[in-house]
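Asker: Listed below are the residues making up each chain.
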Amino acid sequence: MKDGIIRVLLGKTTMEAHDRGVRYLATKLREAGMEVIFMNFLEPQEILDAAIQEDVDVIGVSSSVEGHLPVAREVTRRLKELGKENVLVMFGGVIPERDFAPMKELGVREIFGPGSSAESIVTFIRNNARRPHVALT
Amino acid sequence: MASEVDVSSDWFEALIGGAKAPLGEALTIVERGGPPARALLNRLHPRSGNAHIIGITGPPGSGKSTLVNELAIHFANLGRRVGVVAVDPSSPFTGGAVLGDRIRMRRASAHEGVFIRSAASRGFLGGLARTTHDFVRVFDAVGYDPVIVETVGIGQSEVDIWQVAHTPVVVEAPGLGDSIQALKAGVLEIAAIYCINKGDLPGADAKRRYLRELSARARDHAPDWKIPVVTTIADQGQGIGELASAIEDHARHLRETDRLHALEHERAIAEIRACLQAFFVDAPLAKARSSGALRRLADAVAAREMNAADAATAMTHQPSSDDFAAEGNA
Chain A
1 MKDGIIRVLL
11 GKTTMEAHDR
21 GVRYLATKLR
31 EAGMEVIFMN
41 FLEPQEILDA
51 AIQEDVDVIG
61 VSSSVEGHLP
71 VAREVTRRLK
81 ELGKENVLVM
91 FGGVIPERDF
101 APMKELGVRE
111 IFGPGSSAES
121 IVTFIRNNAR
131 RPHVALT
Chain B
1 MASEVDVSSD
11 WFEALIGGAK
21 APLGEALTIV
31 ERGGPPARAL
41 LNRLHPRSGN
51 AHIIGITGPP
61 GSGKSTLVNE
71 LAIHFANLGR
81 RVGVVAVDPS
91 SPFTGGAVLG
101 DRIRMRRASA
111 HEGVFIRSAA
121 SRGFLGGLAR
131 TTHDFVRVFD
141 AVGYDPVIVE
151 TVGIGQSEVD
161 IWQVAHTPVV
171 VEAPGLGDSI
181 QALKAGVLEI
191 AAIYCINKGD
201 LPGADAKRRY
211 LRELSARARD
221 HAPDWKIPVV
231 TTIADQGQGI
241 GELASAIEDH
251 ARHLRETDRL
261 HALEHERAIA
271 EIRACLQAFF
281 VDAPLAKARS
291 SGALRRLADA
301 VAAREMNAAD
311 AATAMTHQPS
321 SDDFAAEGNA
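Which chain is which? The protein sequence lines are A and B, in order.
In terms of the working numbering, the first sequence is residues 1 to 137.
In terms of the working numbering, the second sequence is residues 1 to 330.
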C-alpha cells in the first residue's frame, strides 16, 4: 500500500495463558511487512486507548475465553463515537459460530477460528485495511 | 479510501486543545513524511520548546519498558501530561515489526495523563531518528511535558536518537554481564543519570560500584554535574521517586547553568543531521531500491565492474520535495 505501512493492534486478554497462536500471527504479519503492536488487556477500554494512541488501521482481538461479545460491542461502539469506524476490527480464537452473526452486525468484519491460516488473515488485512487519506488544508 | 481524516482547522484546534485521536493521527502524518508532515510540523514547531525530554536507554533485559511505565505514571500523578515514544528496531528485510513495549506499559497506557506511541525503524535508522525527533516535537507542541523516549541504544544511530533528550538515563541491570561495556562509549559519556534497575538481584552492588567509578571519571568531561547512580526495582515501583528527583535535579541544573541553551543547539544539529540522513541517504536508497537501480549497481560492484563510490555517485542527484515524500513512504 503506497500510503504507508499497515499498523495492526493485536490483543489478547490477560486471562488467556495460551498465546502461541497470537504470537505466531504477529510474526507472520511482520513477515508480511506490517507493524504489529502487541498487547494484553483486561478491559475493552484498554484496546481503545492503545488503538487511538497508536492510530492503528486494524484491531485484532484474540479470545479463547468467554466475553468476546461484550468486548466486540464496546470496541465497535467507541470506535464509531470517535469517528474511527474505518478501523478494521477482526476477532480470532475460540468463538462459537452462533456468535458470528451478532458480532458482524456490530461491525466486526471477520472472525477467524482455530483452523484459519495466517496467510488468509494476511490476505484479508491487505484487501480490507485502508489507511485514512490525509490531506492538509 | 474508507474515509478521510480532515486536517482542517477544527482538527488542528482539537489537536492543540489536547484531544487524543487527533494526536494519534498527527503522529501518523509526521511518521509518513512528505508535504503533509512538513506542513504540520511547520505549524507545530513554534509551539514547541516547553517539554523536558527524558531519554531512557539500556541493553535488552534491563527493564526499560517497566521503568518507563512507572516513571510515566509518577509524572502523570503529579498532574502532568506525559508523552512516551517507545522505539523498537524493525526487520530490515520486510520493514515489518512486532512492537511489544505496551505489554509492560499497561498501567501507564490506561492513565488519562499518559500517551504512548510505538515507533519502528521501518528499515532505515536515519528515518527512525527523524521520526523520533518529530514525535517529540508533536508531543511538546500540544502540551506534553515530560516526553520520555525509550530506545535500545546499541548502534551508533541510537546514540543520535537518544541525543534528542535533555536528560539521558542509562539503565542497567545486574546479571546482564558486561553489557554496558558493549554499549558505545558515547552512550555512557552523554548519560546524565545511571540507573540500576532490578536492584534486588544479586550483583547490584558490583554494578553500583562500577557505575560510581564511571561517574567519577565522567566528571573530567562535565565537572559541574556529578552523574547520580540511582537504584530501582521498577516492577515493584521502588526507587521511582528517587529517579524522578534525579531527573528534576538535572533539569534544574541545565536551566541554572545555561547548559540548556547549549543543549538546544546540539539537539538542533542532531535533528538537522537526521533530516540530512533521511533526504540524502534513505530517500535515494529507497528510490534506487524500488526502481531496481540498487540491485543493478550492487551486482556491478560485487562483480568488480564498478566501485562503490561510483555506484553511490550514480544514485546521487539534487533532492527535491518529491524525495521527501518518497522517503516518507519508504
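Simulated from the structure, these hints should not be mistaken for lab results.
Note that the Cβ used here is the ideal one computed from N, Cα and C, for glycine as well.
Some hints here could point you the wrong way.
[What the hints assert, rightly or not] Taking lysine-lysine pairs in the DSS-like style, the calculated list, with each CA pair at most 30 angstroms apart, reads: (1) B:K226 - A:K28; (2) B:K226 - A:K80; (3) A:K104 - A:K28; (4) A:K80 - A:K104; (5) B:K287 - A:K104; (6) A:K80 - A:K28.
[Stated by the list, open to error] Quick list of the computed label-pair ranges, beta carbon to beta carbon: (7) A:V65 - B:Q236: 24 to 30 angstroms; (8) A:S117 - B:G143: 44 to 50 angstroms; (9) A:N128 - B:D249: 47 to 53 angstroms; (10) B:A19 - A:M15: 43 to 49 angstroms; (11) B:M306 - A:V94: 26 to 32 angstroms; (12) A:G115 - B:A300: 19 to 25 angstroms; (13) A:R73 - B:G241: 36 to 42 angstroms; (14) A:S117 - B:H45: 43 to 49 angstroms; (15) B:S8 - A:G115: 42 to 48 angstroms; (16) B:Q236 - A:R73: 54 to 60 angstroms; (17) B:A206 - A:V94: 18 to 24 angstroms; (18) A:E66 - B:G17: 37 to 43 angstroms.
[Said to hold, decoys possible] Here are a few chain A residues that sit away from chain B, every Cβ distance over 12 angstroms (derived from the structure): (19) T14; (20) G21; (21) M39; (22) N40; (23) E43; (24) D57; (25) G67; (26) V71; (27) R98; (28) F100; (29) L106.
Asker: Look at each hint and say if it fits the structure.
Answerer: Taking the hints in turn, this is what the structure says about them:
no.: 1; hint: B:K226 - A:K28; verdict: violated, 47 angstroms
no.: 2; hint: B:K226 - A:K80; verdict: violated, 52 angstroms
no.: 3; hint: A:K104 - A:K28; verdict: holds, 25 angstroms
no.: 4; hint: A:K80 - A:K104; verdict: holds, 15 angstroms
no.: 5; hint: B:K287 - A:K104; verdict: violated, 41 angstroms
no.: 6; hint: A:K80 - A:K28; verdict: holds, 29 angstroms
no.: 7; hint: A:V65 - B:Q236: 24 to 30 angstroms; verdict: holds, 29 angstroms
no.: 8; hint: A:S117 - B:G143: 44 to 50 angstroms; verdict: holds, 46 angstroms
no.: 9; hint: A:N128 - B:D249: 47 to 53 angstroms; verdict: holds, 51 angstroms
no.: 10; hint: B:A19 - A:M15: 43 to 49 angstroms; verdict: violated, 32 angstroms
no.: 11; hint: B:M306 - A:V94: 26 to 32 angstroms; verdict: violated, 57 angstroms
no.: 12; hint: A:G115 - B:A300: 19 to 25 angstroms; verdict: violated, 48 angstroms
no.: 13; hint: A:R73 - B:G241: 36 to 42 angstroms; verdict: holds, 40 angstroms
no.: 14; hint: A:S117 - B:H45: 43 to 49 angstroms; verdict: holds, 47 angstroms
no.: 15; hint: B:S8 - A:G115: 42 to 48 angstroms; verdict: holds, 46 angstroms
no.: 16; hint: B:Q236 - A:R73: 54 to 60 angstroms; verdict: violated, 36 angstroms
no.: 17; hint: B:A206 - A:V94: 18 to 24 angstroms; verdict: violated, 48 angstroms
no.: 18; hint: A:E66 - B:G17: 37 to 43 angstroms; verdict: holds, 40 angstroms
no.: 19; hint: T14; verdict: violated, 8 angstroms
no.: 20; hint: G21; verdict: holds, 14 angstroms
no.: 21; hint: M39; verdict: violated, 5 angstroms
no.: 22; hint: N40; verdict: violated, 6 angstroms
no.: 23; hint: E43; verdict: violated, 8 angstroms
no.: 24; hint: D57; verdict: violated, 9 angstroms
no.: 25; hint: G67; verdict: holds, 18 angstroms
no.: 26; hint: V71; verdict: holds, 16 angstroms
no.: 27; hint: R98; verdict: holds, 29 angstroms
no.: 28; hint: F100; verdict: holds, 22 angstroms
no.: 29; hint: L106; verdict: holds, 17 angstroms
When held up to the earlier numbered hints, the structure conflicts with 1, 2, 5, 10, 11, 12, 16, 17, 19, 21, 22, 23 and 24 and fits the remainder.
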